[in-house]
Structures are given as C-alpha cells and as structure tokens.
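Asker: Hints given; two lone chains; assemble the complex.
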Amino acid sequence: MSAPEKDIISPSGYRPVPDFFKILCQTASILTVLMLGWIIYEIIESAWPAIQKFGLDFITKSAWVPNRERFGVLPFIIGTLASSLLAILLAFPLGVAIAIFLSENFLSPAIRQTMRFVVEMLAAIPSVVYGLWGIFVIIPIVKAFGDWAVNSLGGFPLFSGPAYGNSLLTASVVLAIMILPTITAISRNALASVPKTLREGAYALGATRWEAIFSVILPTAAPGIVAATILGLGRAMGETMAVAMLIGNSSRLSWSILSPSGTLAGLLANQFGEAQGLQVNSLMYAALILIGITLVVNLLGEAVLRYTQKQTAGIR
Amino acid sequence: MQTSNEAPAKNTAEDRNPVDRPDFISVKDFNFFYGKKQALHEINMDIPERQVTALIGPSGCGKSTLLRNFNRMNELIDGVHHTGDIRILGKSIFDKGVEVISLRRSIGMVFQKSNPFPKSIYENVVFALRISGISKKSDLDECVERSLRGAALWNEVKDRLHESALGLSGGQMQRLCIARAIANRPKVLLMDEPCSALDPIATVKVEELIRELKRQFTIVIVTHNMQQATRCSDNTAFFYLGKLVEYADTQKIFSNPSEKQTEDYITGRFG
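In order, the protein sequence lines correspond to chains E and W. Going by this note's numbering, the first residue of the first sequence is number 1, and it counts up by one from there. Going by this note's numbering, the first residue of the second sequence is number 1, and it counts up by one from there.
The set of hints was computed from the structure by calculation and includes no laboratory data. Values in this document were obtained by computation on a predicted structure and should not be read as measured data. Hints are not guaranteed to be accurate.
[To be verified] Derived, one-sided and incomplete: chain W residues facing chain E with beta-carbon distance under 7 Å: (1) I101; (2) R104; (3) F111; (4) K113; (5) N115; (6) F117; (7) P118; (8) F127; (9) L129; (10) G133; (11) L209; (12) R211.
Positions of the beta carbon are idealized from the N, C-alpha and C atoms, including for glycine.
Extracted from the complex, chain W is given alone in its bound form (with noise of 0.2 Å):
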C-alpha cells in the first residue's frame, strides 16, 4: 500500500519531548507460563512514554501474551503464572497494594474484534466513569464529547448518541470501542490488532488515529500487518517463540535488522 519512505512524519529524536520516560513501561527478566507452557521467556524490554511501540511477529510467538500482561488480564484465564516483573512508571503492577480494577482502569485496551456492548453510544463510551461511579450528567456528557472526538467518530455519530452501538459499521465500532477505552483518561493505551477486522479505508482512520492519539498515551500494539508496524509505529519488537529477538528503532529494523530472524520475517520468507 505504502512504502516506508511515504509513511507519515514521525517523532525523530530531536521532536521527543525530553520529560517523557523512556522506560515509561519497563519489562524486566518476564516469564509467562501458561500452566506448564512457557509462553514467554526472559523479555526484557523498555517501552517509551507517548511513543507506539509495535510488537510484531508469527502467530503464537507471546506478542497479544506479552500485551495482556500490562493490564494483567491473562488473570482471568485458570493455570497461569508469571516470574519476573513489569513495571509503569517505576512501580511494579503485580505489587500486592494493586488492586487489578484501578490498574485496568488507568490502562485502555482494544481488541482485534471491535467489542461494543448491546448499549447507546453513549452508554458505551461512559461505560468506564460509570463503574467508577461518576454520574453527573455534565461530566459525562464532556467525556462522551471528548471521546468521540478523540476516537475521530463525533461527527459522525453526534446526532444519534443514543442509539444502539450495534447500528454501526465495522469500523465506526472499533473507533468506538477506542473512544470507551480512552474516556476514563487512561496513560496507556493496548491495542490488539486492532485493524484485522476492518477493511482498508476503516484502516487507514484507526492508523490516522493512532499516530494522533500517542501525543497523549503511550500506546503499544500488537499486529500482524508488517507495513502497518512501518507507518504508525515509533519502535519495533520482533517476537519469535516467545522470545523477543530484536526491539529497536522501526525504520532500524526495517531496513537494517541485526538478526537473521528478523529480517526473513520482515521480508516474508516465513511466519
């Protein structure tokens, strides 16, 4: 679709706000196991502030593990564990004074399915303060407005907010589904393919709204569309057999991967 000499401007070092972290979210010495299964194995990986970080590699390779991790939702599936840590901002989301609910709360995720509930759009996208126990109606009305306009969907659906979600097309519900997960003002932002649902021109919206939405959360998405890693990515981590094997620069690994992994990957020649 697009080379990678054509893809959009994207923050080179010298534009990087200087007070934003490298080491927004830190992954340190991280194992996952699946009961007996190791799924990951020894990921050690800083994931930069207001930077998209995509995690790349064949089906089955740890990426959407390594990804749920962040808001620990592969506790909801029985037998599973972990050793080592990973740490936003200094603190480690497996310390025993988090509480899952405010972590999941502070961190956005979209899946590779759009997911709305069978609600108004409205009630989709208030569905966060709602659980956090926010019901006045002028606040919720400037997050509606906020959201939407953040997932680039306002104009589109400002004049029926209260019909159903499932009225939508396939890609207004993903735009959707973004605006839910960042109304609650969350840091990060997870996205699971988000766009292998939807067709080009709904992806090209999603990408347009990635590169827009990271000037305000650190976002890290998982894909299996390598030019899509090219044009809305900042940095690139190929992850093969659950393990990482590369993470740089995207134009780096790209055009100039150090591993031999990567670069068959990238350029096709297996997964």
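Isolated chain E, as found in the complex (with noise of 0.2 Å):
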C-alpha cells in the first residue's frame, strides 16, 4: 500500500467525539428522566394517605369539608375538563380563522407580519395578569351575558340561573385568549408549509381562494392543526392562576356554565398554603390526578395526529 492511501483510512484520521461531552451529554439525559421519576415518585409517596384511605371514592365522589377530613375531586375534575374544552371549542375557530389570514395573502405583507406578532405577543402576557384583566373586563361581559342568557334561554341547563360574574364561563372565555397564540401560530406555520405545488394545483383546476383553502390547503394542514388544538387543550388544562381568579373555585357540581366551578390546578393553588395533615396527602392525589389526565391527553393527542399524518402521508 502506498503512503497517501494508508492516511486516509488510517485510524488516526478519525476524531472520535470527546469523552467528557459524551458523558455530559448522557448525565443530561438520564437526569432528565430520573427528574419525571422522582416527581412522580414523591407525588405518590405524600398521596399514599388519601389514596389509602379513599381508593377511588376520591375520584367520584363530591366532597370537599377539610375539617371533617371528608375529601373527593370529582367536581374538580369536571371543571378541568369542561373549562379546558369549552376554551377550545372558543379558541379553535378563532385561531384557525386567524391562522388562514395569516397565512394566505389577504392582507399586505407588512400588515400580516404586524399581526402575527401582536397575536403572539398574547403568550407573553403573564397568567396574573389575564386573571385581573379578566376580574375587571370580562366579569361584567359576561354577568350581563349571563343575565340575558338566564332571561331567554334559562330552560336549558346549561344556562340555568342565577348568573355569577366568577364562573366557567369567564374562566374559559380567558383561557381561549390564552391559548389562541399557541393554535394560532401552530396552525399558521402548518398552513404556511402546505406545498406551494398543491395551491398551484388547485388554482390551475379553477378553484377559487375559498375552494382552494377549504378543499386542499386546510386538509393538507390537518394534521398540524390537529396538534396545535392538542397543544392549546394541554395549556388550558394545566393553567393555574388565571383560572383561580375567575372560576369562582366552588367544589358543587352544576350543569350551568355561568355557575361558579373549580378546577385541580386552582384547588392546588388556592389550598395548598394552608393545608396541613391528610388535606396535603389528599391535595398531592389531586396533583396525581392532573398529571393522568394532561398525560391521557397528551398521548389521545399523539395518537389522533398520527392518525392523520397518516392520512396525508407522503406530501411533505
């Protein structure tokens, strides 16, 4: 063998990664998830009381008297789920609407870039501070909405009177202005990275704007927007400060959304100062309780959004 060949396959050509980043990198990850564990773990260990001494009666039943240790969340978990999803069910619309302004050429570049920035300058409100904009703003919207809707269509449960201020409803209608950045700019880049071909394709069969957006480019981005409304119903369920402000933190059940509700993250936030003795060790269960469920959604999220990628596979 010649010299030249031999150096540039010898050995000493090659630079293996340093050993020092190998091991900090590994650290990093492993401690990673020792960190979910042990979370986890010490969650566990100061429900392990209340789950002892309640088993399952605390997830359905209804009861919240600390002094006389009687503990069950299940309205708690109601108003997680109810407050979280008519949030989305506010937030989506809007955001998708928003979403395709954003991204098909209505406006002017320069507009567009100024909105998309205003809407994502929403995420950098903090939570506080939506709680008091909600207590002074939309309190008093929605009462008068309230009082109205009790007046006209207080037959149907779901709004049956008296009306509060602080109720499911306002927290929800505030959680839809909290998670609308995240759907908005989830879905907008989803829609944005719709091939260009595809848009061409539909134009050139002379479709308009609207059979083009409403026939290819929003299916197209489906799966995207799939995972933004995931996304936004995880934030929702997890956001704490805002929603304590505004719900009205009540453990009685009702069908009305202009009742006062409860949510765990709020139950956690409000009590936990105060707490002592098996009203900690039934708190922690409530904690363990949000975790399963943001986790249950998180992975029903994964499976609907691999589901439709599915769908669309082999475009992008």
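Answerer: Below you can see the structure in the form of structure tokens.
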C-alpha cells in the first residue's frame, strides 16, 4: 500500500467525540428521566395516605370538607375538563381563522407580519395579568351575557340561573384568549408549509380562493392543526393562576356554565398554603390525577396526530 | 436515448386536420414584468390547434413564464404586469369579461412536480367537476373512467380508486395529475416540465401519452430535455433571455436551425 492511501483510511484520521462531552450529554438525558420519575414518586408518596383512605372514591365523590376530613375531587375533575374544552371550543375556530388570514395573501405582508407579532405577544402576558384583566373586563361582560341568557335560554340546563360573574364561562373565555397564540402560531406554520405546488394545482383547476383553502389547503394542514389544538388543550388544563382568580373555586357540581366551578390546578393553588395533615395528602392525590389527565390528553393527541398524518403521508 | 429518425411518426402537413386553426393560441407583442424586471420581450407566436408545441431554452429564459400566462397563473404572484395580448380562438384572455376562474377551468395544467391532493384517486380526478358543482354520481364515475383511461392509468388503479392518491408511484402520480387536468375536457393542456422528476420508464409512458392526447387537446409543453422535444412535439420555440429566438417546425429547429444561438443551444454549447 502506498503511503497517501494509508493516510486516508488510517485510524489516526478518525476523531472520536470527546469523552467528557459524551458523558455530559448522557448525564443530562438520564437526569431528565430521573427528574420525572422523582417528581411522580414524591407525589405518590405524599398522596399515599389519601390514596389508602379514599381509594377510587376520591375520584367519584364530590366533597371537599377539610375540617371533617372528607375529600372527593369529582367537581374539580369535571371543572378542569369542562373549562378546557369550552376554551378550545371558543379558541379553535378563532385561532384557525386567524391562521388562515395570516398564511394566505389576503392582507399585505406588512400588516400580516404586524398581526402575527401581536397575536404571538398574547403569549407573553403573565397569567396573573390575564386574571386581573378578566376580573375587570370579562366578568362584567359575562355577567351581563349571563343575565340575558338566563332570561331567554334559562330552560336549557347549560344556561340555568342565577348567573355569576366568577363562573366557568368567564374562566373559559380568558383561557381561550390565553391559548389563542398557541393555536394560531402552530396552525399558521402548518398552513404555510402546505406545498406551493398543491395551491397552484388547485388554482390551475379553476378553484376559487375559498375552494382552494377549504378543499385542499386545510385538509393538507390538518395534522398540524390537530397538534395545535391538543397543545392548546394541554395548556388550558394546566393553567392555574388566571383560572383560580376567575372560576369561583366552588366544589358544587352544576350543569350551568354560568355557575362557579373549580379546577384541579386552581384547587392546589388555593389550598396548599394553609393545608395540613390529610388535606396535604389529598391535594397531592389531586395533583396525581391532574398529571394523569394531561398525560392521557397528550397520548390521545399523539394518537390522533399519527392517524391524521397517515392520511396525508407522502406529501411532506 | 433515441435519434430523431427513430422518433415516432408525427403529424405531417398532409394529415393535419384542415379545420384545426393554425392560430388557436395567439401571442401578440407580449411583454411581461415581475415588478421592474422584464421577463418576456415582445413575444409573437401562434400555437396551432391539436399539435404539441414545445418551449425550450436555458433556465430563466422565460419559457415557463409564458406558459403560466396562458391560464393567468402568474397573477397569483404580487407585482406582475404585462403589455400586449394573448388570444385563444381570437378572444383575449385578459379581456375584462373573462373570468380567470372559468379560463383556468377550460385550460388544464400539469406541473413539474406531481401534486396530487391528499385525497383518494377518485376525488383527485373529479376535483374540477366538484368545484364546478357537478355531483351526480354517474357523471363523476364516467369522468373518472374516461380521464384515467385518457391518462393511461385506468388499468393500474381501477381496483383502488378510493385509496389515497399518495400511495401511487411517482410516474403514476404524474399521470393522475394529467387525468385530473383533462377531467373537465379542457381545450388546452399546459405542461411545465412534466417528466423532469420521473425515471426513464415513466417518462416514456408520459411521452406516449402526450402523443396520444394531442388528438383531442392543444398541448404546450415546457421541457429542458431536447430529446423529449424531438420525440413528442410538432413545433418548437427556442427562448433566450426572455426573447423568442426561433420558432419553427421541430424537425427544422433540430436539423437546420436558422439562428446561431439556437444551434449553439441544441448542440449543447451553452445553457
């Protein structure tokens, strides 16, 4: 063998990743997994007395009477799910509509850029500020709407009276505004990444702008829009401060969206400071349930995402 | 791949149908601008009915720009304008009375990269009919079979019409896009480098299809492949730097071009 050839393939030409860097990366990733395990372990350990005492009754009963040591979080589970779903119901159409306007050329690029920036700035407002704003702005509006709704739609259980300012609806409206940037930004990215060739294909067949959007562009972007919705839902479920300030924190079950309600996150935030004894264990149990719910939502979301991606596979 | 004397028989002057118009599409003093940049300079050419007209030339010479003017696709780009006129059957496509939607519905277009929609094969083909408001099942079924047969794809997909179009091979996808383009019985078929992303076997199939389709459609094809132009076109226009350098019978262009630039390009000296 001649010398130059040997040089090219010789082991000395191989530069391994430095050991310390490899170890650093490995440690970081192992630590992350351990951290999650540790958090869940700590929660289960502190919740254990409550888990032993109440078992599944904790989930199916509605009672929160700390001085008699009676605890059941059903209203808070329902409140968590209901406020998040209602928020998604309000934010989804609005968010997707904004995303369409920001990704198609309805407006001049300068206006689009400004609007996009403004919508994304919504995500930068601290939760507690949303709560204060909700108290001063949304509560009066929801109260006025509630009084009207009770009068005209009161026969319908969802709008049965009396109407409160601090209610499920108030919390959901503010939650909807808070998750709007998430839904808008991710949907916009999904719409903007629909290949130009598909748009052209639709227009070349004589589609109008709306036909192109509704029959080609939106279906193609569906996986991304689903992902946006699930991320929004996850955010709404875990949101604590603004909801705790607005929802009324009631443990009473009610069909009406105009009544006060409560969420698991709000319950924890409100009570943990003064809790002692079994109440602490019960709050930890509630935290475990909240983690469980968000985990299930995320897994469901992943499943839906995979399914829709399969439907549109091969174009990205 | 093939030399020009092996190329399949084309329409000679004698067997051209005398009722076909020699100026089916007519381009008159056409200038086109992207913003301030002029992309086409004083183009004048007549495209004959039911023949294949190839537009060739190096990248950026304006051939695709011209093609995309025939169905006013360029209007999707901001800041474009034109002077001069393009007429189809004597009628200006830029006339105030012409709706761009109906113009595009009467002109099929096939793109460089196949672009099936993420829908079933069936729904891809009937897209143009659906947006024209046709929903009678027998009409749609008839259209799917006619279009897929027209695009030489029927036998390969007839048992899986309701499966996703995205499961087809690259060549099948491009023929599906041709089927979709001819579904609404357009008069004109525009093809923008339809084979550039296909393997040689799929290319041969699409070229055979082009020769078949010209019985019904007036075809304008942009191509980078000179053999392709000789194999399947009747007329060839050579563009360079936004100008139409030479436009003549394909055989003449490739055997005895009048312009030095044309000869340099087709013999591979530049471009």
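Asker: Measuring from the C-beta of F127 (chain W) to each C-beta in chain E, is the shortest one below 7 Å?
Answerer: OK, holds: F127 (chain W) within 7 Å of chain E, min 6 Å.
Asker: Given L209 (chain W) as an interface hint, is its Cβ closer than 7 Å to any Cβ of chain E?
Answerer: For L209 (chain W), the interface hint is violated, since the closest Cβ of chain E sits about 18 Å away, which is over 7 Å.
Asker: Per the CB criterion, is F117 (chain W) less than 7 Å away from chain E?
Answerer: 5 Å, holds
Asker: Can the hint on K113 (chain W) be confirmed by a CB-to-CB distance to chain E that is less than 7 Å?
Answerer: Constraint on K113 (chain W) satisfied, holds at 5 Å.
Asker: Should the hint that F111 (chain W) touches chain E count as held when the rule is a Cβ pair under 7 Å?
Answerer: 6 Å, holds
Asker: Can P118 (chain W) be said to touch chain E, with a Cβ gap under 7 Å?
Answerer: Hint on P118 (chain W): holds, closest Cβ of chain E at ~4 Å, below 7 Å.
Asker: Is the hint on G133 (chain W) kept, meaning its closest Cβ partner in chain E is under 7 Å away?
Answerer: 11 Å, violated
Asker: With chain E as the partner, please determine if R104 (chain W) meets the hint condition of a C-beta pair closer than 7 Å.
Answerer: 4 Å, holds
Asker: Taking the closest Cβ pair, is N115 (chain W) under 7 Å from chain E?
Answerer: 4 Å, holds
Asker: Return the status of the interface hint for I101 (chain W): holds when the least beta-carbon distance to chain E is below 7 Å, violated otherwise.
Answerer: Where the cut-off is 7 Å and the nearest Cβ of chain E is about 5 Å from I101 (chain W), the hint holds.
Asker: Do the numbers back the hint for L129 (chain W), that is, is its least Cβ distance to chain E under 7 Å?
Answerer: 10 Å, violated
Asker: Once the shortest beta carbon distance from R211 (chain W) to chain E is found, is it less than 7 Å?
Answerer: 23 Å, violated
In summary, the structure is inconsistent with hints 9, 10, 11, 12 from the numbered list given earlier, while agreeing with the others.
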